[in-house]
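Participant: Protein chains in written order, with the working numbering: chain P, 192 to 452; chain H, 70 to 332.
It is worth saying that the hints were derived from the structure and are not from the lab. A few of these clues could be false.
To be verified - Calculated lysine-lysine pairs in the BS3-like style (CA-CA distance at most 25 Å, straight line):
1. P/Lys310 / P/Lys320
2. P/Lys270 / H/Lys149
3. P/Lys309 / H/Lys105
4. P/Lys310 / H/Lys74
5. P/Lys228 / P/Lys245
6. P/Lys228 / P/Lys208
7. P/Lys208 / H/Lys74
8. P/Lys309 / P/Lys320
9. H/Lys74 / P/Lys271
Unchecked claim - Part of the chain H face toward chain P, derived, beta carbon under 10 Å:
10. Ser184
11. Ala187
12. Met192
13. Thr195
14. Ile198
15. Asp199
16. Cys203
17. Met204
18. Tyr211
19. Pro225
20. Asp260
21. Val262
22. Asp266
23. Val269
Just so we're clear, the structure is a prediction, and the values are computed from it rather than from any experiment. C-beta atoms are modelled at their ideal positions from N, C-alpha and C, and glycine is treated no differently.
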Amino acid sequence: MNGTVIEFRDVSKIFPKKDGGEQRVLDRVNFAIPEGKTTVIAGRSGQGKSVTLKLVLGLMRADGGQVLVDGQDVSLLGKKGLNAMRTRFGVLFQGSALFDSLTVYENVALPLRERTRKKEDEIRAIVEKTLAGLELSGHESKFPAQLSGGMRRRVGLARALQLDPEILLFDEPTTGLDPVMTQEIYQLFAHTQAEAGFTAIIVSHDIPRVFSLADQIIVIDHGAMDVFASSDEIQRSEKAHIQEFVRTTMGSLYQSHLVEQ
Amino acid sequence: MLLEKVGILGNTGIYALRDLGGMGVYLFHILCGCLKRPFRFHETLRQTSFIGFGSLFVICCTALTTGMVLGLQGYYSLHKFGAQGMLGSAVALSLILELGPVLTALMVTGRAGSSMCAELGIMRNTEQIDALECMAVDPFRYLISPKFIATLMSVPLLTAIFDVVGIAGGYLAGVTLMGVDSGSYIEGMRDSVTNHDINVGIIKSFVFAVLVVWICTGRGYFVQQIRGAGFGAESVSRVTTQAVVLSSISVLVFDYLLTAVLL
Chain P
192 MNGTVIEFRD
202 VSKIFPKKDG
212 GEQRVLDRVN
222 FAIPEGKTTV
232 IAGRSGQGKS
242 VTLKLVLGLM
252 RADGGQVLVD
262 GQDVSLLGKK
272 GLNAMRTRFG
282 VLFQGSALFD
292 SLTVYENVAL
302 PLRERTRKKE
312 DEIRAIVEKT
322 LAGLELSGHE
332 SKFPAQLSGG
342 MRRRVGLARA
352 LQLDPEILLF
362 DEPTTGLDPV
372 MTQEIYQLFA
382 HTQAEAGFTA
392 IIVSHDIPRV
402 FSLADQIIVI
412 DHGAMDVFAS
422 SDEIQRSEKA
432 HIQEFVRTTM
442 GSLYQSHLVE
452 Q
Chain H
70 MLLEKVGILG
80 NTGIYALRDL
90 GGMGVYLFHI
100 LCGCLKRPFR
110 FHETLRQTSF
120 IGFGSLFVIC
130 CTALTTGMVL
140 GLQGYYSLHK
150 FGAQGMLGSA
160 VALSLILELG
170 PVLTALMVTG
180 RAGSSMCAEL
190 GIMRNTEQID
200 ALECMAVDPF
210 RYLISPKFIA
220 TLMSVPLLTA
230 IFDVVGIAGG
240 YLAGVTLMGV
250 DSGSYIEGMR
260 DSVTNHDINV
270 GIIKSFVFAV
280 LVVWICTGRG
290 YFVQQIRGAG
300 FGAESVSRVT
310 TQAVVLSSIS
320 VLVFDYLLTA
330 VLL
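Isolated chain P (complex conformation):
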């Protein structure tokens, strides 16, 4: 249970700028994601956090280095290989990415209908159980536009859990939610992970709160990544850019979070 499932080796990602120059979002970064643990990727906006997730999923290709999932280089996988790899993942997107024209039930049933040979009554039983577990019973026939932000995230989580993923990726799961809803989502996450035991990667701005879930924290800043075992270790770091990160994003927020605790 304590092997490495995902590994970045000297990975670089470059985007062209409007003025003809280039922006190096990731600059020869190295890190490993341990199996069965929760890794939080923190950093300011536009630093490449979501790009990191897209590289893992093969939705983007690295401009240098290797992204390995279970030792396999994602960039070398063909369509079939990528699909086989992706079935092991569940993804909760930043805006939930629910299909607007499908109901809550149809959204959650979609992976089962498309990726399994289960009959409709079996699918209905599974979906209803999942929705009940996430306190979404009675909302099956609603469309995403009729749901609150928190409910949409829960529907997104329900959909991500349908194929029993080994690895769950959360892209800003609490952005735009109020503190109560944020807390609810984190509790739900902790509860679901305790039950299913998946490997989780959480990309988040919600820095003090999300750290309580983390077994490992990766701070991404100006293309570089630093790996820490805890938030205390981040605070003790002597690297100038990490101290700057602590000062700008953690300082007062972190103190107030400690008082809250």
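Chain H: place on chain P using the hints.
Facilitator: Frame of chain P, contents of chain H only:
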């Protein structure tokens, strides 16, 4: 200064070639998606209803007015030479060979093509297409192939309806209003329209259907990669406009090329 302009021109050329190459690969993926199982019959029927049945009213209105205008204009021109008897032939050939396929394709572009482009653009921007890929669901099979097949089925049928309604419109204006003999209108049409003419019309409508659905869905699918499209809602609106303009121009250019080759 000159070097800079040459550089911009070169960059634009490379971008256009890359875009065309990307669209070629995109068309290949759509065709593969059409052959992949499980087929999405229900979604294909739903799309056929939206593209075909939903466009029926606008097609009938356009066809009727176009046919009536052709009837009046034709009568006015032919009357000068005392050849009103050729009105049926003139109206039918104009509609079957040119106006039917072209105007149907333009109407479908405006009504359904723009909607398909905007839908895919929004799905791309809200990560719905990424979500499909992450679930290992092929977006071409799931999203685009049903639209492709539905357009391919609908446009030729709509073209046939356009031709029939247009000929009826010509009859209404020429025979009922201007007093051309009913028998000569119908017989003139029957004598001059050959199977080859009908085949040319059908081939054109198929080619136009491919162009419309390929360009409109492609622009939406690649919304984030299109130069100068911007971001968010603005990018979808710009790309939708671009899709309508591009597919309309393509239909007109291909109409000329097909006419030159097939006639």
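Participant: How about valine 262 of chain H: closest beta carbon in chain P under 10 Å, or not?
Facilitator: The hint is violated - valine 262 of chain H has no Cβ within 10 Å of chain P, the shortest such distance being about 43 Å.
Participant: Can aspartate 260 of chain H be said to touch chain P, with a Cβ gap under 10 Å?
Facilitator: This interface hint is violated because 50 Å lies over the 10 Å limit.
Participant: What's the verdict on lysine 309 of chain P and lysine 105 of chain H, does the C-alpha distance respect the 25 Å limit or exceed it?
Facilitator: holds, 19 Å
Participant: Decide if the proposed pair is consistent with the structure: lysine 270 of chain P and lysine 149 of chain H, CA atoms, cutoff 25 Å inclusive.
Facilitator: Measuring from Cα to Cα gives roughly 66 Å; hence the hint is violated.
Participant: Grab the minimum C-beta distance from proline 225 of chain H to chain P and call the hint holds if it beats 10 Å, violated otherwise.
Facilitator: violated, 27 Å
Participant: Does valine 269 of chain H hold up as a contact with chain P if the rule is Cβ-Cβ below 10 Å?
Facilitator: Hint violated; valine 269 of chain H Cβ to chain P Cβ min 38 Å, cut 10 Å.
Participant: Holds or violated: is the Cβ of isoleucine 198 of chain H closer than 10 Å to a Cβ in chain P?
Facilitator: holds, 9 Å
Participant: Hold the hint about aspartate 199 of chain H up to the distance rule: shortest CB distance to chain P must be less than 10 Å.
Facilitator: Holds, because the Cβ-Cβ distance from aspartate 199 of chain H to chain P comes to roughly 6 Å (cut-off 10 Å).
Participant: A closest beta-carbon separation below 10 Å is what the hint needs, so does methionine 192 of chain H meet it against chain P?
Facilitator: Holds. Min distance 8 Å.
Participant: For the pair we were handed, lysine 208 of chain P and lysine 74 of chain H, check the Cα-Cα distance against 25 Å.
Facilitator: holds, 19 Å
Participant: Given the proposed pairing of lysine 228 of chain P with lysine 245 of chain P, does the C-alpha separation stay at or below 25 Å?
Facilitator: holds, 20 Å
Participant: Next pair to validate is lysine 309 of chain P with lysine 320 of chain P; report whether the Cα-Cα distance is within 25 Å.
Facilitator: holds, 15 Å
Violated hints for the displayed structure, listed by number in ascending order: 2, 4, 6, 9, 10, 11, 19, 20, 21, 22, 23.
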